[in-house]
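> Whole structure, please, built from the sequences with the hints as guidance.
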Amino acid sequence: MTASTSGVVRIGNCSGFYGDRLSAMRQMLEGGELDVLTGDYLAELTMLILGKDQLKDPSLGYARTFVRQLEDCLGLALEKGVRIVANAGGLNPAGLADKVREVATALGLHPLVAHVEGDDVRHLSFTDALTANAYLGGFGIAAALSAGADVVVTGRVTDASLVVGPAVAHHGWTPTSYDELAGAVVAGHVIECGTQATGGNFSGFLDLPHRDRPLGFPVAEVAADGSSVITKHAGTGGAVTVDTVTAQLVYEIQSTRYLGPDVTAHLDSVRLEQQAEDRVAILGVTGEAPPERLKVCVNELGGWRNQVELVLTGLDVAAKAAWVREQLGPRLTAAEVTWSELSEPTADADSQEAASTLLRCTVKDPSPDPVGRAFTAAAVELALGSYPGFTMTAPPAPATPFGVYRAEYVDRADVTHTVVHADGRREVVADPTAYTAEADAPGRRPSPYPARPDTLTRRLPLGTFVHARSGDKGGDANIGLWVAHDGVDPATYDARVQWLFKLMSPRGIPTLLPEAADLDVDVWLLPHLGAVNLVVHGLLGQGVAASTRFDPQAKALGEWLRSRLVSIEESLV
Numbered sequence: 000m001t002a003s004t005s006g007v008v009r010i011g012n013c014s015g016f017y018g019d020r021l022s023a024m025r026q027m028l029e030g031g032e033l034d035v036l037t038g039d040y041l042a043e044l045t046m047l048i049l050g051k052d053q054l055k056d057p058s059l060g061y062a063r064t065f066v067r068q069l070e071d072c073l074g075l076a077l078e079k080g081v082r083i084v085a086n087a088g089g090l091n092p093a094g095l096a097d098k099v100r101e102v103a104t105a106l107g108l109h110p111l112v113a114h115v116e117g118d119d120v121r122h123l124s125f126t127d128a129l130t131a132n133a134y135l136g137g138f139g140i141a142a143a144l145s146a147g148a149d150v151v152v153t154g155r156v157t158d159a160s161l162v163v164g165p166a167v168a169h170h171g172w173t174p175t176s177y178d179e180l181a182g183a184v185v186a187g188h189v190i191e192c193g194t195q196a197t198g199g200n201f202s203g204f205l206d207l208p209h210r211d212r213p214l215g216f217p218v219a220e221v222a223a224d225g226s227s228v229i230t231k232h233a234g235t236g237g238a239v240t241v242d243t244v245t246a247q248l249v250y251e252i253q254s255t256r257y258l259g260p261d262v263t264a265h266l267d268s269v270r271l272e273q274q275a276e277d278r279v280a281i282l283g284v285t286g287e288a289p290p291e292r293l294k295v296c297v298n299e300l301g302g303w304r305n306q307v308e309l310v311l312t313g314l315d316v317a318a319k320a321a322w323v324r325e326q327l328g329p330r331l332t333a334a335e336v337t338w339s340e341l342s343e344p345t346a347d348a349d350s351q352e353a354a355s356t357l358l359r360c361t362v363k364d365p366s367p368d369p370v371g372r373a374f375t376a377a378a379v380e381l382a383l384g385s386y387p388g389f390t391m392t393a394p395p396a397p398a399t400p401f402g403v404y405r406a407e408y409v410d411r412a413d414v415t416h417t418v419v420h421a422d423g424r425r426e427v428v429a430d431p432t433a434y435t436a437e438a439d440a441p442g443r444r445p446s447p448y449p450a451r452p453d454t455l456t457r458r459l460p461l462g463t464f465v466h467a468r469s470g471d472k473g474g475d476a477n478i479g480l481w482v483a484h485d486g487v488d489p490a491t492y493d494a495r496v497q498w499l500f501k502l503m504s505p506r507g508i509p510t511l512l513p514e515a516a517d518l519d520v521d522v523w524l525l526p527h528l529g530a531v532n533l534v535v536h537g538l539l540g541q542g543v544a545a546s547t548r549f550d551p552q553a554k555a556l557g558e559w560l561r562s563r564l565v566s567i568e569e570s571l572v
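Read in order, the letters of the sequence shown are residues 0 to 572 in numbering that gives the first Met the number 0.
For the record, the hints were derived by calculation from the structure and aren't laboratory data. Incorrect hints may have been included.
[What the hints assert, rightly or not] Below, computed lysine-lysine pairings styled on DSSO-like, alpha-carbon distance capped at 27 Å:
id, residue 1, residue 2
1, Lys294, Lys554
2, Lys51, Lys554
3, Lys51, Lys501
4, Lys294, Lys51
5, Lys294, Lys472
6, Lys79, Lys51
7, Lys472, Lys554
8, Lys554, Lys501
The following block contains the structure:
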């Protein structure tokens, strides 16, 4: 890609996780004009999965579905002149690059394939970890594209770097083009999770058009000044609106400062504008130098786990639960035993399922023995000697290993961000020359907050005019809340935003989320988006793979919060 100072670079996405729609790469290549097609295959849990793959076969460690997609689509991408950039290399980007060349040769094709490595930092005091990977930035990808690569595969770069790299290569930005880089980071964050930007997992799904069609994957048209337009191919399902873009923009963020290896993006500067149907502009993004250290995703094998799920039906479910716990408890020798909370089933239910509730027992231990047959046999042996109606939702299963995630930080000087070009030449990517010192980000919700005058209120669900999107960041849960753009007049919209900001007090959150009563909660305000971001520290324990919650990634936490009844002023409804 050659540098330019005008025009846009059209960057599409065809994967938001390892296991996303297999046909999406072809659909994106055939559906409209693109310059670059990206795919995000990695997450904290994915690195653990790939680490387990490598324990079985050291030649693996990459996303094998990406190879299947290229077998089908590589010729089409080359014919259309679309570059492919993906972090599908996981723990073995060099191995994936070789596999891509093997596939290309079998197809009679000759693409230039480059890869980015250097993120594996297990040698830096993480030798006992299953995986330890620093989050790299986009300048390695940019170098590979500038040298002519048709396909670039990486290890653990940040998700947004898949967009930052092509934008840098196309527009010729430098490491100090902070506002432009920050704009590309925001665009990359919006499209990194695929159809989550076009209506997927969107709390306003009832108003989405074309729900009879598969949701379209997003496209970011990134301009030379770092602004962008988020869109999708014509004729695909879903929609691109201010609300669908906001839904992804507030997904799994922390404070108002979005720290990346290339730039610190100021999320409180972001403005969204609906320019046309399925076209939302991202404007005004500002940035500053990146932090001095790089974040590292560390996964360790934490032990073994198992679970049984018991069905309790009809009357006396609390007594039934108490009895089976008394019976099973003394038989359990696992280091950690967790019982789920019990909810009462519907009274006088019209179906057996509605008259039932579930009780889960989850066990974890450093050894597989206490959570294997010793655990499942103890549960099964109660089948004819416990509460009336004893049954399980599934047969007992063997113990399975689980991982523990933690975030660490390393000095940049200890990480060698390296591009291996198609001709084998190795190029080390220089570190930034300036950094932003760690400091408190602006936008933390003040307390006390200016109150509106007392007025008549109604008890209604929070989701009456508030959307939500939630997810995980290690052991923390993130919940983004924002006022819907549902056609009310600007004064009412502004009043709704002020009401939401007032309601979301760190001291008041436990009333709305009782499970967070003993946890630290941060509340960050994003006024330009009419949004609040909640960070509930420690709700998910040691991360998704080790969590015993029934929603270990907090994906539905926001929907629970939207269902909670709150006092809403009459004038706002």
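> Next, verify each hint and record whether it holds.
Hint check results:
1. Lys294 - Lys554: holds (23 Å)
2. Lys51 - Lys554: holds (24 Å)
3. Lys51 - Lys501: violated (46 Å)
4. Lys294 - Lys51: Satisfied, since the Cα-Cα distance of roughly 22 Å is no more than 27 Å.
5. Lys294 - Lys472: holds (13 Å)
6. Lys79 - Lys51: violated (37 Å)
7. Lys472 - Lys554: Status holds; Cα separation ~11 Å.
8. Lys554 - Lys501: Distance ~25 Å between Lys554 and Lys501 Cα, so the pair holds.
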